[in-house]
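For chain A, the structure is supplied; the task is to place chain B with the ligand on it using the hints.
One line per chain: the protein sequences are A and B, in this order.
Using the working numbering, the first residue of the first sequence is number 25, and each one after it goes up by one.
Using the working numbering, the first residue of the second sequence is number 22, and each one after it goes up by one.
The reader is advised that the hints may include incorrect statements.
[As the list claims (entries may be wrong)] Result set (DSS-like, lysine-lysine): computed pairs, CA atoms no more than 27 Å apart in a straight line:
(1) K293(A) / K415(B)
(2) K290(B) / K407(A)
(3) K290(B) / K276(B)
(4) K257(A) / K131(A)
(5) K36(B) / K407(A)
[Claimed, not checked] Short derived list, chain B residues pointing at chain A, Cβ under 8 Å:
(6) G25
(7) Y49
(8) Q62
(9) R222
(10) N233
(11) E280
(12) E301
(13) K304
(14) V311
(15) L333
(16) M343
(17) I402
(18) P410
(19) R411
(20) K427
Since the hints were made in silico from the structure, they are not lab data.
We treat Cβ as the ideally placed atom computed from N, Cα and C, and that holds for glycine.
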Amino acid sequence: MDYLLSEEQEKLKETACQFLEKECPETVIRETREEDQGYSPQLWSKIADLKWLGLVFPEKYEGTDRSLLDLAVLYEEMGRVIFPSPHLSTVVLCGLTILSAGSEEQKAELLPRIAKGDLILALALAEPESSWDGNAWDAQGITVQAAADGDHYVINGTKLFVHDAHVADYVLCAARTKDSGQPEHGITLFLVDTKSPGVECTLLNTTAYDKPGEVVFNQVEVPKENIVGEVNKGWGPLARVLQIGAVMLCAQMVGSSQKALELAVDHAKTRIQFDMPIGINQYIQGHCIDVLWYTETSRWLTYQAAWKLSEELPCDMEVAMAKAWTSEAHEKACWHAHQVLAGVGYTSQKGVMTLYSMKGKTLQHYLGDTSFHLNKVAHEVEKWTAPEKPRGKPLGYWDIPAEEQIPAWEPWQELRKGKKTW
Amino acid sequence: MDFGFTEEQERLRKKVREFFQEELPEDYDWGGGAETAEEGQAFMRELQKKTAKQGYLTSGWPKEYDGMGLGYVEQGIVDEEFGYAGISWPSQLGLHLAAPAVFLFGTEEQKKKFIPPLARGEAVWFEAFTEPEAGSDEANQQTRAVQDGDYFILNGQKTFISGIYKPDFLYTLARTADTVPKHRGISLFLIPADLPGITYRALPSMGGGTQNDIFFDNVKVHKEYLLGELNRGFYHAMATFEFERTGTAFPGRVKRGLEEFIQFCKEEKRNGKPLIEDPEVRKLLAEMAVEAEIWKLMAWKAVWWFGNREELGPMPFDLSGMCNKQLTTAQSEKMSKILGIYGQLRQGSKWAKHEGRVERGWRSTRSLHAAGTLEIYKYVIARRGLGLPRIPAKLNAVIAQALDEKK
Ligand SMILES: Cc1cc2nc3c(=O)[nH]c(=O)nc-3n(C[C@H](O)[C@H](O)[C@H](O)COP(=O)(O)OP(=O)(O)OC[C@H]3O[C@@H](n4cnc5c(N)ncnc54)[C@H](O)[C@@H]3O)c2cc1C
Numbered sequence: 025m026d027y028l029l030s031e032e033q034e035k036l037k038e039t040a041c042q043f044l045e046k047e048c049p050e051t052v053i054r055e056t057r058e059e060d061q062g063y064s065p066q067l068w069s070k071i072a073d074l075k076w077l078g079l080v081f082p083e084k085y086e087g088t089d090r091s092l093l094d095l096a097v098l099y100e101e102m103g104r105v106i107f108p109s110p111h112l113s114t115v116v117l118c119g120l121t122i123l124s125a126g127s128e129e130q131k132a133e134l135l136p137r138i139a140k141g142d143l144i145l146a147l148a149l150a151e152p153e154s155s156w157d158g159n160a161w162d163a164q165g166i167t168v169q170a171a172a173d174g175d176h177y178v179i180n181g182t183k184l185f186v187h188d189a190h191v192a193d194y195v196l197c198a199a200r201t202k203d204s205g206q207p208e209h210g211i212t213l214f215l216v217d218t219k220s221p222g223v224e225c226t227l228l229n230t231t232a233y234d235k236p237g238e239v240v241f242n243q244v245e246v247p248k249e250n251i252v253g254e255v256n257k258g259w260g261p262l263a264r265v266l267q268i269g270a271v272m273l274c275a276q277m278v279g280s281s282q283k284a285l286e287l288a289v290d291h292a293k294t295r296i297q298f299d300m301p302i303g304i305n306q307y308i309q310g311h312c313i314d315v316l317w318y319t320e321t322s323r324w325l326t327y328q329a330a331w332k333l334s335e336e337l338p339c340d341m342e343v344a345m346a347k348a349w350t351s352e353a354h355e356k357a358c359w360h361a362h363q364v365l366a367g368v369g370y371t372s373q374k375g376v377m378t379l380y381s382m383k384g385k386t387l388q389h390y391l392g393d394t395s396f397h398l399n400k401v402a403h404e405v406e407k408w409t410a411p412e413k414p415r416g417k418p419l420g421y422w423d424i425p426a427e428e429q430i431p432a433w434e435p436w437q438e439l440r441k442g443k444k445t446w
Numbered sequence: 022m023d024f025g026f027t028e029e030q031e032r033l034r035k036k037v038r039e040f041f042q043e044e045l046p047e048d049y050d051w052g053g054g055a056e057t058a059e060e061g062q063a064f065m066r067e068l069q070k071k072t073a074k075q076g077y078l079t080s081g082w083p084k085e086y087d088g089m090g091l092g093y094v095e096q097g098i099v100d101e102e103f104g105y106a107g108i109s110w111p112s113q114l115g116l117h118l119a120a121p122a123v124f125l126f127g128t129e130e131q132k133k134k135f136i137p138p139l140a141r142g143e144a145v146w147f148e149a150f151t152e153p154e155a156g157s158d159e160a161n162q163q164t165r166a167v168q169d170g171d172y173f174i175l176n177g178q179k180t181f182i183s184g185i186y187k188p189d190f191l192y193t194l195a196r197t198a199d200t201v202p203k204h205r206g207i208s209l210f211l212i213p214a215d216l217p218g219i220t221y222r223a224l225p226s227m228g229g230g231t232q233n234d235i236f237f238d239n240v241k242v243h244k245e246y247l248l249g250e251l252n253r254g255f256y257h258a259m260a261t262f263e264f265e266r267t268g269t270a271f272p273g274r275v276k277r278g279l280e281e282f283i284q285f286c287k288e289e290k291r292n293g294k295p296l297i298e299d300p301e302v303r304k305l306l307a308e309m310a311v312e313a314e315i316w317k318l319m320a321w322k323a324v325w326w327f328g329n330r331e332e333l334g335p336m337p338f339d340l341s342g343m344c345n346k347q348l349t350t351a352q353s354e355k356m357s358k359i360l361g362i363y364g365q366l367r368q369g370s371k372w373a374k375h376e377g378r379v380e381r382g383w384r385s386t387r388s389l390h391a392a393g394t395l396e397i398y399k400y401v402i403a404r405r406g407l408g409l410p411r412i413p414a415k416l417n418a419v420i421a422q423a424l425d426e427k428k
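If we strip away everything but chain A, and leave its shape as in the complex, we get (with noise of 0.2 Å):
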């Protein structure tokens, strides 16, 4: 047991924190937010330079063999500073599906790309009537067909909430290419060309105004090479690493959330009303004292989490549990920020308490919200088993009446003397 982060990790979470607070503030996160790309193709470059996108990926492919855990200390300074760019897209849910599905050719080919920051990828999985049904992110809500033709696939159907699609080389789509009894067989994962025929990408407009995508596949033919992993058994590599997602947006939830803290603390202790600071004031303390409770209580369930998957240990029930709290946790700490920040958390043009809270929802929302991940926290609780019962001699505590249920002590016999009971 130890809740230390090691050297390593303070030194990559310093590096970090220092690298994005000089490189992203305010007017950054401002500026890509009104672009169409929606996100900085420079300041990609420079953390492909910093080996970030390179991190999870072993030293052949030009990674650096890093940890999960590692990667869940970047998120969480990512999240810090909403650092807006296609890294979950490219890195996490592509290029880590590509790692544990991919033929050695795909990994020696994409992988290194990818670590360069010359490649990015997108992951096609969400559709129009699972995202409204709220199986978005399982098997069962992938309907999208692909059908065998000669040596290429034919892709026909929609998907929504791509996120980075728009300025992606490639989306890995899942597509159904076999209907059998079980969801999860019949799923098959193709890495689709965005520029090919058929392929149409439209912007969703959202909340934290970043950049989903409904991509349209209109009888787009993708050649056999493309596919990643084995035909009708994509969906084990691709659950997994929607787990290692879900993981990752938590980290960024509990950066954002830590954010928020320190907004609403820094704030509590300057702002003078009734010739006081705000902080005075136990209602306001109450609101602060919140933030800390939902950022600490999601930080350790995220570390858990990402500790577990660093370890290949268990943990379907972990990452569920991780996700379920802190999509819900994110927003209140952020509702609770705005409370003590009052109007200046709230008006639009300057101050990033707005950016903070707006961003949650997508967060929030994306591979699986509170209510999808506590479906699958209760799937696992149902499989714990009763208690062992002791085995000790029996003391028929459940035949003594209530009445007789007090202690030998005088004072207490003397209650019972009076007939008070309670």
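Only chain B with the ligand this time, still in chain A's reference frame:
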């Protein structure tokens, strides 16, 4: 970062769990209340002694004081298992509060006198701090201890003092000097509970009575029972509050309660279907599981910092205490919600579900004030943790004066 336990630690956990598995009666009412009946009390005192023989009662204490000399994590494991087994020791407060205070501030003689009976699982202690006028404001002690030669003469009243077993010792605060500020004139005493002039009155409470009033009427306490420095008692008490406020036993117990409740939800049917298939029930169970996990994590984090802390005193960022206060309430309310109208039936009613545990649990969680209220925990976190401003002492003095004038 590492959330795991070593193999050796897991072995310890298994051994402790196995020990309680064998020792506790199969009808053990782990949800509390087992010890209210006479038979239960006798049993628990015996078990306490047996556990002491194994060393588990004092796992974290140094070996020369009959402990196992284990580390914080190991002690956390043993405590978690006490909690999981549903045990609350007759001498809980002696073990978790008085003993650490004696280790920290006691003289060699005091250690020799007070520690061995605790380590053997024999002595029962009460923590007698609260008074009618000194609840959250612990510094407002009105009980007086006036020095008279080798003795202190105590007069005053304590209230809401937990305890259902006959006590052997009281761990208490009394005013030894009239000072401004108030907290600089208070001292800590370790008092034999049967000294002439001490009387007790039981205070029934809605959760199943475990509190008492204690009256001191010219109680002569020898000065060897003063713990630490004269007039520094408030500081000593504050320094040791972290022992009372943290621990893994509580989340261990909550986990057990949840496991049993989930089993009940699998077995009990409504509309022909097991409760656990009801989507609303599933959601509440999942929420409770998440809360229990948070609680466990925060408790372990506190254990970790405890072992690595640099200064004594309530930990400014300790949210595990807040978990105890906030989440027990949430859990019992959720369970009660699942039982619906049946949630009000007491143990013993023929229609009570889950042996009436939910009802009892709900009642007991209406009071979470022991070891300080939720608000006071927040107060500590706001000031010490977040550095938020406090009402200046000067203003307090103005208010006090105004109140005096009104009288
Ligand atoms: C089940 C139970 C067991 C107990 N066991 C023990 C025991 O073993 N030993 C012992 O010594 N005591 C014990 N107590 C007493 C307990 O410590 C006190 O009840 C507690 O500290 C609160 O004091 P009070 O009841 O006088 O409330 P008050 O201090 O009168 O407080 C009333 C309300 O005002 C709030 N409040 C007070 N000051 C502030 C502030 N500065 N800011 C914000 N809010 C404030 C409190 O949070 C509370 O909500 C026990 C109490 C209970 C209920």
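Hint check results:
no.	hint	result
1	K293(A) / K415(B)	holds, 19 Å
2	K290(B) / K407(A)	holds, 18 Å
3	K290(B) / K276(B)	holds, 23 Å
4	K257(A) / K131(A)	holds, 18 Å
5	K36(B) / K407(A)	holds, 24 Å
6	G25	holds, 7 Å
7	Y49	holds, 5 Å
8	Q62	holds, 6 Å
9	R222	holds, 6 Å
10	N233	holds, 6 Å
11	E280	holds, 5 Å
12	E301	violated, 11 Å
13	K304	holds, 6 Å
14	V311	holds, 5 Å
15	L333	violated, 19 Å
16	M343	holds, 7 Å
17	I402	holds, 5 Å
18	P410	holds, 5 Å
19	R411	holds, 7 Å
20	K427	violated, 23 Å
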